[in-house]
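2 protein chains.
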Amino acid sequence: MELLKERIRKDGKIKAGNVLKVDSFLNHQMDIDLFSEFGKEFLNIFKGENITKILTIESSGIGIACVVAQYFNVPVLFAKKNKTKNIAGETYTSRVESFTTGRVYDIIVSKEFLKNDDRVLIIDDFLANGSALQGLSKIVTDSGATLVGAGIVIEKGFQPGGDLIRKSGIRVESLAIIDEMDEKSGTIKFR
Amino acid sequence: MELLKERIRKDGKIKAGNVLKVDSFLNHQMDIDLFSEFGKEFLNIFKGENITKILTIESSGIGIACVVAQYFNVPVLFAKKNKTKNIAGETYTSRVESFTTGRVYDIIVSKEFLKNDDRVLIIDDFLANGSALQGLSKIVTDSGATLVGAGIVIEKGFQPGGDLIRKSGIRVESLAIIDEMDEKSGTIKFR
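These protein sequence lines map, in sequence, to chains C and B. Okay, so the first sequence: first residue is 3 according to the numbering used here, each after it adds one. Okay, so the second sequence: first residue is 3 according to the numbering used here, each after it adds one.
Warning: the hint list may mix true and false statements.
Claimed, not checked - No farther apart than 20 Å at their CA atoms in a straight line, the calculated lysine to any residue pairs in the SDA-like style are these:
| hint | chain 1 | residue 1 | chain 2 | residue 2 |
| --- | --- | --- | --- | --- |
| 1 | C | LYS23 | B | LEU116 |
| 2 | C | LYS17 | B | PHE115 |
| 3 | B | LYS42 | B | VAL76 |
| 4 | B | LYS83 | C | GLY91 |
| 5 | C | LYS83 | B | THR103 |
| 6 | B | LYS186 | C | GLY91 |
| 7 | B | LYS15 | B | GLN161 |
| 8 | B | LYS23 | C | ILE110 |
| 9 | C | LYS23 | B | SER112 |
| 10 | B | LYS23 | C | GLU60 |
| 11 | C | LYS23 | B | LYS113 |
What the hints assert, rightly or not - Here are the simulated distance ranges between beta carbons:
| hint | chain 1 | residue 1 | chain 2 | residue 2 | range |
| --- | --- | --- | --- | --- | --- |
| 12 | B | ASP144 | C | GLY171 | 46 to 52 Å |
| 13 | C | GLU51 | B | SER38 | 18 to 24 Å |
| 14 | B | ARG105 | C | GLU92 | 23 to 29 Å |
| 15 | B | ASP13 | C | ASP165 | 48 to 54 Å |
| 16 | B | THR95 | C | ASN52 | 44 to 50 Å |
Hints listed in this document are in silico derivations from the structure and should not be mistaken for laboratory results. None of the values given here were measured: they were computed from a predicted structure. Glycine included, every Cβ here is placed at the ideal spot set by N, Cα and C.
Using the sequences plus the hints, can you model the full thing?
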């Protein structure tokens, strides 16, 4: 998606440890017009798939998923990272390790909201090591629902997540795949 | 907002400890069409205020804020609950206590994204004790931006947050205010 690549080139900042900072438009401040463009693009990619639900993970996936969902006319469900008073009853659970913080945590989704006749599209902002996406896809599988695929905004193609998950048979569509990025020169090479 | 009250009556579940469970449409599974109606309503309330930015707090405020923001044509900024690698540099910070979990935590917003010429609308899903709203409003004040007001989806009118914050001079507009709810009978009385 050319518009997104341009935006990453213009506003993305490469930091030590393979961190791409896109907090001016994607995951702290959020450019909602840009999110609408993601929605059009994902609809174009996944139309005809009869998607019934979009699944994402807190926190930075939620805004993107909600705007994208308007193009599919489906509800959004987000996996929670902590058990709160508000989720009681039976849940699907999966273990995830955050690339950004290094923390390991359980994600949970209430069983009530994923049924075996659901056709689920996972939406997330980043794909790096693939841990969040694996966790979400395990939850979909556990529920008996059909995982149609995953729509990712930015994939770090030089990290193993994308290859790993595609090899497992899951359709992964990323709007921008970064093959190389260099902190010193600030250059980014897209696939 | 009648549509919301009906939905709360139909799908809300009252739990012990004054918890109202609305996770089938508001803060776990999210009904995006309903969020669009919130957007129309908040635009109706706050139009003419020249809002330049919507501020919310992770996680359950984000989806609502992003859909609402489409009606104002402004970006969304969300306060983060934990410092991650992705927020470096100068931040505004405030302390918040969660009604739902009882945890106390710092919320942070990057200074880069709140300027003194911003006119900010805070959007959140719940107002109970008002701690999150006070934390967010402190951040807006610290930044020198103008706080236009707060748009809340569900206010628990029997808890002190709403009164407290209105008395401090902040405009708070809630789409549904609950004056009483009874766990045993399952009845909810709206203001």
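Against the structure, the hints come out as follows:
1. LYS23/C <-> LEU116/B: holds (18 Å)
2. LYS17/C <-> PHE115/B: Distance ~19 Å between LYS17/C and PHE115/B Cα, so the pair holds.
3. LYS42/B <-> VAL76/B: With Cα atoms ~14 Å apart, LYS42/B and VAL76/B stay inside 20 Å; holds.
4. LYS83/B <-> GLY91/C: violated (26 Å)
5. LYS83/C <-> THR103/B: Holds - the C-alpha atoms of THR103/B and LYS83/C are around 13 Å apart, at most 20 Å.
6. LYS186/B <-> GLY91/C: Distance of about 19 Å is within 20 Å: holds.
7. LYS15/B <-> GLN161/B: OK: LYS15/B and GLN161/B at ~18 Å, within 20 Å.
8. LYS23/B <-> ILE110/C: holds (16 Å)
9. LYS23/C <-> SER112/B: Holds. LYS23/C to SER112/B sits at ~12 Å (cutoff 20 Å).
10. LYS23/B <-> GLU60/C: Given pair LYS23/B, GLU60/C holds - Cα atoms ~18 Å apart, limit 20 Å.
11. LYS23/C <-> LYS113/B: Holds, at about 15 Å.
12. ASP144/B <-> GLY171/C: 46 to 52 Å: Once the Cβ atoms are compared, 50 Å apart, the range 46 to 52 Å for GLY171/C and ASP144/B holds.
13. GLU51/C <-> SER38/B: 18 to 24 Å: Roughly 23 Å apart at Cβ, these two residues keep to the hinted range, so it holds.
14. ARG105/B <-> GLU92/C: 23 to 29 Å: holds (24 Å)
15. ASP13/B <-> ASP165/C: 48 to 54 Å: Cβ of ASP13/B to Cβ of ASP165/C: about 42 Å, so the range 48 to 54 Å is violated.
16. THR95/B <-> ASN52/C: 44 to 50 Å: holds (46 Å)
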